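Chemist: For reference, the chains in residue letters:
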Amino acid sequence: MNGIQLMVDALSLGSQYALVALGIGLVFGIMRMINFAHGDLMMLGAYALVVPTTADVAPPLIGKWPAVAMIVAITALVACAGILTERFAFRPLRHRQADGATLLISSFAVSYLLQSVVLLVHTGRPKSVSIFAELTRQMEIGGVRVALVDVVTIAVTALLLLAMVVFLRRVRWGVEIRAASEDFTMARILGVRADAVIALAFAIAGGLAGILSLLYVAKTGVLDFRMGVPLAVAGFVGTVVGGMGSLIGAVLGGLFLGVASSLLQALLPEALRPGRDAFLYSLVIVVLLVRPQGLFAPRDTGERT
Amino acid sequence: MKVGLSPPTLPAAGLIPLLGLLCVVVHLIGNQLVEGALTEALVYMVMVVGLSVFVSNSGIISFGHVSFALIGAYASAWQTCCPGLRGVFMPGLPKIVLDTNVPVIPAALIAALLAAVVAAVAGVAIARLDAVAASIALLSLLFVVKTIYENWTSITAGQGSLAGLPLYVSLWTALAWAAVAIVVAQFYMISAHGLRLRATREDYAAARAAGILPWRERLIALVISAFLFAIGGILFGHYLGTLAVSIYWLDMTFLTLAMLVVGGMRSLTGAVVGTLAISTVRELLRALERGFDFGATTIQIPQGTQEVALALALLLVLIFRPQGIVGDYELGVSLPR
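Here the protein sequences line up with chains A and B, keeping their order.
Going from the first sequence to my numbering is simple: count from 1 and add 25.
Going from the second sequence to my numbering is simple: count from 1 and add 73.
To be clear, the hints were calculated from the coordinates, so they are not data collected in a lab.
Please note: incorrect hints may appear among the correct ones.
[Claimed, not checked] Reference listing, derived: stretches of chain A covered by chain B, where coverage requires no fewer than 3 residues with Cβ under 8 angstroms from a Cβ of chain B:
1) 121-128
2) 182-189
3) 301-313
Predicted, not measured: the structure shown is a model, and the values here were computed from it.
Virtual Cβ for every residue (Gly too), placed ideally from N, Cα, C.
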């Protein structure tokens, strides 16, 4: 494999993981909760593309709309799903001052609930759907052919990250999110509304998951009720490796994980390639052994008491 | 909280006789279906009690314990499965393993020991992380183990399944192991190590200031907990008679955690009560999924309702009774001090 191809592959996967890690990191920053259901929000976005049916072949629903309408609809839909999970599962717990372990379990339960509902509606057999057919073409960079969808994934991720930076630094709501992540109690004293800022974080995380679901489906074309799990796990591990509580750390951690995964895929001997994830996550455990606070962590990351 | 103030209770003294009584009653009624369901519940109980050794005492949720069940179950299969055909299913095993038929109980102990060793090695890293990161690291351990076992086809039959495990798990075997698990968990709980670990759960900073090394206590609990969970996983394999990597995956993770949380994450009694409660609900839902004759009409709910209902039940318990059914309560005899 050529160097440029490898780089595009690595950055494309790294972009996906970075987007997941960003969504998880946003919610974690404020709630101190790892949101297991984040990957399943992405899965919901992907399944919304087709008609709900137990049949093996599902005709496209939102998937046949014009591109702009599809992007807006899926993003909005998944953002709403994110807000609903917050409203009905996490907010009641938060108002009862539930501890971190309870929140973590409840997000696991929400994740399992979403998967089970999709399993009930769509059955467990993978389905196929094709969107953005024009993205499956190859394009040439410096005489090397690379998949257009990978380039688009990287570009979209870069744009979204840039937009997030502007939003978090320049827009009042973004500043409120940062303030709430820094010191939740103090932010509330200064007039940040707790429920609103958390709902906003869930909405943005959901929107990111919606866009990711489109990029993912455009690349693979396959729907599976557990498709969100590996991505979510990559996102969690990305945030942990990057250093919990730092958004930049989460994005870099996700990127690192994707790049490491692609490099392992390319460099491991043929026979060991199917076991790539085992090497990847073992590598993660080694990284954590050396730097338990994560690679890009801020100084103070003691346990909350 | 009450750590260290009240004299320790011995939940095993209360729980084991009650479980024994339950088994005798069910056996005497003689309904095969119910007896099978109770056997399965007791196998799960071994796992959940094992899980509680780590989770209840440390306050850290583990999403990775199923990896120990997976390791144990296959290690037991390597020693006991399908004599004569073992080399056909698993040609990659060393010759000495292929040629030795270990009796089932020593095989289970050896297999669980292997899982405990894996827990000890991974735990050196995991125990040093803070609570949330440790939960995630345990989950990635599950991914590592699953990926390895799915792809190391020559010793695990890969993504296919492995049939012909000796079916030795009767109601009484399951009861005996559940009793063993409860006794081990209880003695860990009332030991100095258990007390220290619960101190880190209640107040991490104060526990450290009092000279407790959190990572050491977490590691000890993780190893014991992995051993017991692996025993449960081994029994599960020998209860079904077939093994597949996919059995030991997210469904089992969810189910065992739900049992522990619904019962009560802070006590051993909670682990036992939660296992029985969730198992009962599950059996009823399964019966409904099969269809139930009710007079002239048949009541049947669609396949897959069970999972949705379980997830909803867990969420409702978390929202309305986060301490679980029993909370801090321990059934049993108090030791005089």
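Chemist: Each of the hints needs a verdict: does it hold here or not?
Modeler: Hints and how they fare:
no.	hint	verdict
1	121-128	holds (count 6)
2	182-189	violated (count 0)
3	301-313	holds (count 9)
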